[in-house]
Structures are given as structure tokens and as C-alpha cells.
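**Q** Letter by letter, the chains look like this.
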Amino acid sequence: MTLADAATATIYVLSVAAVALGAVIVFGRAARRRREERRARLAAPARKLLLAIAAGDDDPDQIDELVRLPDEVWTAVDANAVALLNKVRGEARAALVVVFERRGAAWRARSELHRPDPVRRARAADLLGILGRRDAVPALCDLLRDADADVRVVAARALGRIGDPEAARPLLESVATRRREVPAHLAAHALAGLGVGAQPALVRGMDSPREGVRAVAAEVLGLIGAVGATGRIEAALRADPSTEVRVRAARTLGRLGTRTAMAPLLDALTADHLPVLRAEAAKALGELGAPAAVDALTAVLGDAEFVVAHEAARALLRLGVKGRAALTSAREGSLGGPRRIRTVAAAHAREALAVAEIDQHRRTLAS
Amino acid sequence: MLADWARELLRLTDYAILAYFVLINSSYLVLIGLAWLEFAHHLRRVPFAGHEETYRSQLTQPVSVLVPAHNESAGIVQSVQAMLALRYPVFEVIVIDDGSTDDTFKRLDEEYDLVEVPRVIPDSVPTRGAVLSVHMPRVRPEPLVVVRKENGGKTDAVNTGINVARYPLVCMVDADSILDPQALLSVAKPFADDPLRVVAAGGVIRVANGCTVLAGRIVDVQMPRQWLPRIQVVEYLRAFLLGRTGWSRVGGLLIISGAFGLFRRDVLLEIGGLDHDTIGEDAELVVRLHKHLRQRRRDYRVVFVAEPVSWSEAPSSLRVLARQRRRWHRGIAEIIGKHHGMIGRPRYGRIGLLSLPYYVVFELIAPVVELAGVVLVPLGLWLGAVNVPFAIRFVLVAYGYALLVNLIALTVEEYSFHRYGRWNDLVAAVLASVVENFGYRQLTAFWRVQGLWSAIRRSKQVWGTMHRQGFSTDASSAGGS
Amino acid sequence: MTAILVADDDMDIRDLVAFKLEQAGFDVTAVDNGLAALTAARLEPPDLVVLDVMMPGMSGIDVCRELRNDRSTSGLPIILLTARAQEGDVEVGFGAGADDYIVKPFSPRELVTRVEAVLARQRA
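Chains as they are written, first to last, in this note's numbering: chain A, 1 to 367; chain B, 1 to 481; chain C, 1 to 124.
No lab work stands behind these hints, which were simulated from the structure alone. Do not rely on the hints blindly, as some may be mistaken.
Counterexamples of contact, computed for chain B against chain C with all Cβ distances above 10 Å [said to hold, decoys possible]: (1) E8; (2) Q81; (3) R138; (4) P141; (5) E142; (6) V219; (7) R264; (8) L269; (9) L381; (10) R422.
Not close to chain C: a few residues of chain A, all C-beta gaps over 12 Å, as computed [claimed, not checked]: (11) K48; (12) A55; (13) V67; (14) P70; (15) A79; (16) L84; (17) E91; (18) E101; (19) G104; (20) G195; (21) L335; (22) P338; (23) D359.
One-sided excerpt, in silico: chain B residues whose CB lies under 10 Å from chain A [said to hold, decoys possible]: (24) S57; (25) R298; (26) Y300; (27) P389.
Since the structure is predicted, the reported quantities are computational estimates derived from the model, not experimental observations. Beta carbons are placed, not taken as given, at the ideal position from N, Cα and C, and that holds for glycine.
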């Protein structure tokens, strides 16, 4: 075959392909439109029922009707129903959950957790989380080690929604699983959703050999307000080998707000630590709100590290009259020390005080 | 009478050009195929993407949105309003007024009642123009920061913004970009899913012409009425939506548009922010990012997210389009010139072995080949090097194949995002794909060659200057990396 | 009959709120974007407005602010619906002039109670 023939053949192929594509586009669109219309048509009567239930009518007849809807019709409103579950709470939600359960959605989802297709596993996990099925917790914990990253994330999220403290340890460990880990802050968010019941597991997690686990445990103990664990957190701030963990510990101590935290935080402020830790310590001292920290914070107002000086200035705003006074003197340049430090301190102090003034102004207007 | 060897040479050249067209269009097909796989993967997972949770979580990383603005008085207030209304838990919008000579600042001041704040700005990345003042809204609690500075160009404005930014993620947008409300949540998702590795994520740019814009948001998507923007719609679909998704899938995404990109601030600091001396500064940033991270053998990812959308007004006049294409191509040329050391080196992985060589062969010199085809094939015909049937077939294969690629792109768009709902939009898109081959391609090829030429001339100029100065100590690299 | 304007781009929520309020005996107008809400409120001022915060076009906050700035609608009771209620968001909401604030996921029954409470406060 000569080149000319090849070119001719190509032209024919191209033409045919072009026409075929045109047909595919048109067909695809028409089919999609038809599908959507059909769904809307089927869904219309069911939606009304659904809305009534979601509005909090616990009329048993209406619930029965929804339950008895043919599968085809239910599929048309399924997405709406799931969406509504996410949007309402209280009796309305309870009624919707009953509908799902009686339709066997939970049971079906449980079996779908083992399907080969990751998307179906994920969807099932998501639904089980939304329905709040505690009996699915063991299976969901298994999914934390799933091969597909999205499935792991959805499983973690679902466990957070369900809120069973049994999931605490698996969630913690999922952070450090090799190759099949769950991103740390997603696990942390889920753990926070487990509430104070997770505290024992989290405290134990502080002793884990894995840095990632300790970091998440430290963070979540702050989110759930585990004041009883303060001692352990302080120890971590003082002595943990990992900066990540110490930073989280500092943040948590700020959130928990116990006075005993002052000493290790003040210590973490000193110059021989990494700037990120010092900054976090400064911030936490601000949250503690104890004027005893004013001197230490003032000392770092002129620090060469931007984040440290910045957080110190902001923290001083929260330390009452003494803090304000320190900022004002810094702004005037009347702090001791070399010129460069005084200038930097003055600049940060000026910014903090100006921002505070604006905040104050806004608050007065809003009230 | 032309010598036989000359005629033969011409004939071979013409065949070579034909082969080039076959290759380049086939490469587009491959990229489109990859993009298709990526969409199929991605769209099925949208129901459980968890944006609601991300929105409600205290642990979602905050974002600083940087809006460099120069003489944007007409649309700045609406643009800022829309950005402040983005759906994201914690973020700040930093407008950098780069020495505007119109009333850009005044309009913002009127709308938000700005008050000056003595904000301390670290020197994390080098900047040139000094910051004059920083402002916040006096009463409204919106997280808006307006920075006024001396005029220094877009690069300098963005670098200043990076310095002012307080949050770990930095989003670069154009002042006239129109973002979908979910855009930040979507483009931040890769960072949430893979926080240790993802360093940069880019979003799709779509053409806003013809769409209904209400208070800074796109509420109705339609094809533009004029042909020039119409052709660009199809072009953006092919090159930006599909092309970049395809590259992202193989881990070879070379560039992210500065009109919508999210970056980790700490990594930006490591590489010193944007480069002042390159014209395609946003693309150059990502290339340098690749280089820096691969040199240090870090495990990282640069991803393209198909979902979040940023809409831009595409040029509707030839003059503006010409300027844009010249600038873009000059940018590519300068970037490749600056980083040519990465090409072909295994240390730079897919970027060095696949993406950069591809860019050199199929992006950089493509317009040259295209123009050569426009000139040499008729020439060959006239001089008898090739015959009429060949010429006809050449044109049909070269342009017909390109048309096919466009149609495939439209098909993929139809089956995945189908943003263009009306039937006549579809017809307009198909017609635009055809019309593209009758003038648009040739024109853009010409302008791109002009851009290439100006890049070469400029580097010769700089090189020449350096020679004359005898390589002064402050020699910034002209062509080497 | 007391007229209520509901604005939410989410069809499910919009229909749900409209349904519930109608059930409770109110006359409900439902729109799906901020600008339409503003126009409707100006055209025929309702007795109360329920606004979703996140909407295309103008956000609920913007609409709230606009309504407060406009003399003909400045006294309208406004309730904001939002998915987020951290400190800053609540401030923004009340700062824009809202009378009450409901966080999603919400209880439809509670919504009606709040609406009635705000209306009662208004009359007093």
C-alpha cells in the first residue's frame, strides 16, 4: 500500500470517526436528558412524602408508604433522602433513619462493605456513617486498612459520625499504618467526634512508639477537652523526641487551660527550641490567660523569628491589663535591650494593639 | 528550474511535517484518554468527597487567597465580594494593589471602609516594590487584607502577597477570575487527602464569555456569541481541562495556571517565590518546584483537580489574543531555556524524561512546524515536489485529525461535566472546532513564533550584555540553569 | 396570614423549610438565590425572612446587610441558616443585622419555634 493509499484510508477512517463521535455526543446527551426526566417524574410523589417525614411528621402511615415504595421509585429519591439525612437533626432525622432501616438499606450497605469495587465500599461506608449504625463499627474499623485511599477516608469519617469509642484505637493506629494510612487530621477529626469516651485510648496512644500516633493523640486530647490528661501532655511537651508531637502538645495545653501547664510552656518558649514550637507555646500561653506569662512573652517580642514575635504579641493581648501595658511600653520603645530588638518588638506591638482596637470597635458596634 | 535534490528535500520535508502532525494529534489523543480515565475515577467518588465535613472541621488547613490587582477598578469590588463568599472554613483574601493609577483602592475603601493597620511583613521571599500600607475593614468582620505597594509587576505583587500571607496554604488567583463557590474546597482536597506529599494543586480555567455572571458568580453557562472566544472554549477544553488532567494522571504535570493554583506556603518559601525575570512566572514557579524537590529527592505530588473551576474572560479581539499568545509562548521558551538542564536527566524523573522533552518537541516548536507546513506544502506543490492528491490528503489528515481530536474532547466533556446544557451550544462548539482550522490555528502559530523569536532575541541580548560587561559578579542567568 | 420569604439554593432545604412553615400556617415564598430574595423582599416585604448564608450570587450575609441598609426593609426580622457556627461566623451573622441564627443540620420543628419566637419579639 502506497503512502497515498494510506492517506486516503486515513481520511475515510477520520470521516467515519467524526460522524460516529457526533452521534455519540448527541445520543449521550439525549439519553442523559431522558434519564433525568424520568427520575424527576418518578421521584415527584415520593419527594412529597419524603419532605413530610423530614419535616418531622412521624405519621406512621406516611413512613409505611415510603418503606413500601418500589425500588425503582426509591432509587429516584435515594440521593435526596441521603442528603436530607445530613441536613436535619432531631425527630426528623430519626424518622428518616427509620425509613432507611426498614427498607433494609443498612443491611445492604453492610454487605456492600466487602465488594470488590472500592466506590461501592466507600458509598456503603458513607451511608452507614450517616445512619449512625454502631453495629457496623467493627467492619468499618477493618476498612481503615483498605487498599483504596478514598475508602479509608470515608471509613474514618463514618466512624467519627457514629461516635463509638470502640473505634478510637483503630483510628489512632490507622495514622501510622505503612502504605495504607489515613491522613492525620482526618483521623483526628473523626477521633474528636468520639467524644470523651475516647480519652483512655488517646492517653494510651501518647505512649505509642509511632510519632504520628502520638501527635494525633496529643491534638485530639485538646479537642475533646480531656483536662484529666494534662499531666501526660505536659510530660510530652517537655520530653517527647518529636517536634510535631511537642507542637501539638503545646496547642492542646492552650486549649485545656490548666495552670500547671504554664511551666513547661514557658520553658518551650526559650530560644533553644524550633521556632514553630516556640510560636505554638506563645499562642498557648495567650490562651491560658495567666498574667504571670507576660514577662516571658515580652522578652520574645523582638525575637528574630517572625512567627515567635507575632504570636507573642497576640498572646499578650489576652493577658489582661498587664499584657496590654507590656505591649504599650514595647510600642513606645521603652523596653530594654539592643536597638534592633526594640524596633522589632515595637512593630509587633503596634500591630497587635491596632488589631485589638479594631476588634474592640467591631464588638461595640455589634452589641 | 529547481535541482532534483532540492525537490527531493522539499518532498521529504513535507512528509516529515505530515508525520509531525500525526504524532502531535496522537499525543493529544493519549492525553485525552488518560483524562477520561481520571474523570471516570473522580466523578464516581464525588458523592462521598466529604466537602461538608471539611467545611465544618476545625482542623482543615486555612488558606490565604492572593489577588494581585493593577488597575482593576471596574470589577475589583465584585471580585473581592465573591471571593469573600467562597465556601471554606478559614481563609483570608489578600488584595495586593500593585501601584494602581486608577481608583481601584478607592473603590475597595468605599465598599469596605478600610482602615490602615501597621501589619508587620516578614521578608520571606524577595520583593522589589516597597509596601506602602496595609488595610483592613474597619467594621465588617470580613477576612480581607488590602496591601498597597509600589508598582512592581504581577510577580512582585504575588511575592508580596506570599510574605503577607499568614496561613499554610496560599491560593493564587487573577483579580478578574470568577471562582465557583466550592472552588477552594475542591482544590484543597488533595492537600487534605495527602498532606505530606501534595505541594501544589491547579484548577481548570474555563471561558467566561457568554456566561451569565451574577454578583461575581457564574449562574448560567453558555457558549460565547463571537467566534473567536468560541474557538477558545474548545481550545481550553482540549488543552487545559483534558491535557492537564492527562498529565496529572501520569504524574507529569508541568505547569499550573496562575489564574487558579493552590500551593503550600512553606515550599514556596523554600524556592524563593516567583521569579521576577521570567514572563511566564506562574508556570516557571511550578517547573522550579519540580526541580527543587527532585534535586532533594523528596516524595511530592503536583496535581490537577478537574472539578474546581475558575472562569476567565478570554480575549475577544485579535489584537489582545495576539498579545496573549505571544506572551504565553515567550514564557514557555524562557522557562525551557532557563531549565534546559533538566531535560533528559533521569534524576528529574517524569518531568525531565517525559514532560519537558514533550514540551520542547510538541509545544515549543509546534508553531514553527505548523507555519512551515503552511508555507512549504503549497511551495512543494507549486514546484512539483509533491502532487495535488498528496497536498489534499495532507491538509485533510493534518487538519482533519485535529478536528477529530477536538470532537473527542467535546465528547469527553459531554459525558463528564456537561456544563454546556443547550443544544445550540453543542452545535456552536462543533462548528468552532471546524472553523479553528481555517485561520485561527495559522494565526496563533504565527504569533507563537513571534513569541519564540522575541524570547531568543532577549536571551541573546542579555547574553550580549553580559559579554560586554565581562561577566559582572551580578550575572543573573540568561540561558543556563 | 403571616408571610415568610425563604431563600436557599439547596432545593431539598428550600422545599423542606417551605413545607414545614406552610404546615405551621404561614404563607411561604421560596427563592433560590440572594438577588431574587432581595428583589422579592423589596417588592412585597414579608413578615420574616429566612436566608441561607451560602448562596450563589449574593450570599445571605450580603442580602441581610442590604435589607438592613434599605429603609423599606430595615425592620424585617431575619433568620440566617448556615452550615458553620464557629465564633467568627456567628459574629459576622449578627454583625450583618440578623435576628437569629440556625445551624445546619437543623431540626425543622425547632425552626418553626424560632420563627414564631422572633415574630413574637417583633410584635412586642
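**Q** Each hint: holds or not?
**A** Hints, verified against the model:
no.: 1; hint: E8; in the structure: holds, 63 Å
no.: 2; hint: Q81; in the structure: violated, 7 Å
no.: 3; hint: R138; in the structure: holds, 12 Å
no.: 4; hint: P141; in the structure: violated, 5 Å
no.: 5; hint: E142; in the structure: violated, 7 Å
no.: 6; hint: V219; in the structure: violated, 6 Å
no.: 7; hint: R264; in the structure: holds, 24 Å
no.: 8; hint: L269; in the structure: holds, 27 Å
no.: 9; hint: L381; in the structure: holds, 55 Å
no.: 10; hint: R422; in the structure: holds, 19 Å
no.: 11; hint: K48; in the structure: violated, 8 Å
no.: 12; hint: A55; in the structure: violated, 4 Å
no.: 13; hint: V67; in the structure: holds, 20 Å
no.: 14; hint: P70; in the structure: holds, 22 Å
no.: 15; hint: A79; in the structure: violated, 10 Å
no.: 16; hint: L84; in the structure: violated, 6 Å
no.: 17; hint: E91; in the structure: violated, 7 Å
no.: 18; hint: E101; in the structure: holds, 18 Å
no.: 19; hint: G104; in the structure: holds, 23 Å
no.: 20; hint: G195; in the structure: holds, 18 Å
no.: 21; hint: L335; in the structure: holds, 32 Å
no.: 22; hint: P338; in the structure: holds, 38 Å
no.: 23; hint: D359; in the structure: violated, 10 Å
no.: 24; hint: S57; in the structure: holds, 5 Å
no.: 25; hint: R298; in the structure: violated, 17 Å
no.: 26; hint: Y300; in the structure: violated, 15 Å
no.: 27; hint: P389; in the structure: holds, 6 Å
Hint compliance for this structure: hints 2, 4, 5, 6, 11, 12, 15, 16, 17, 23, 25, 26 are not met, and every other hint is.
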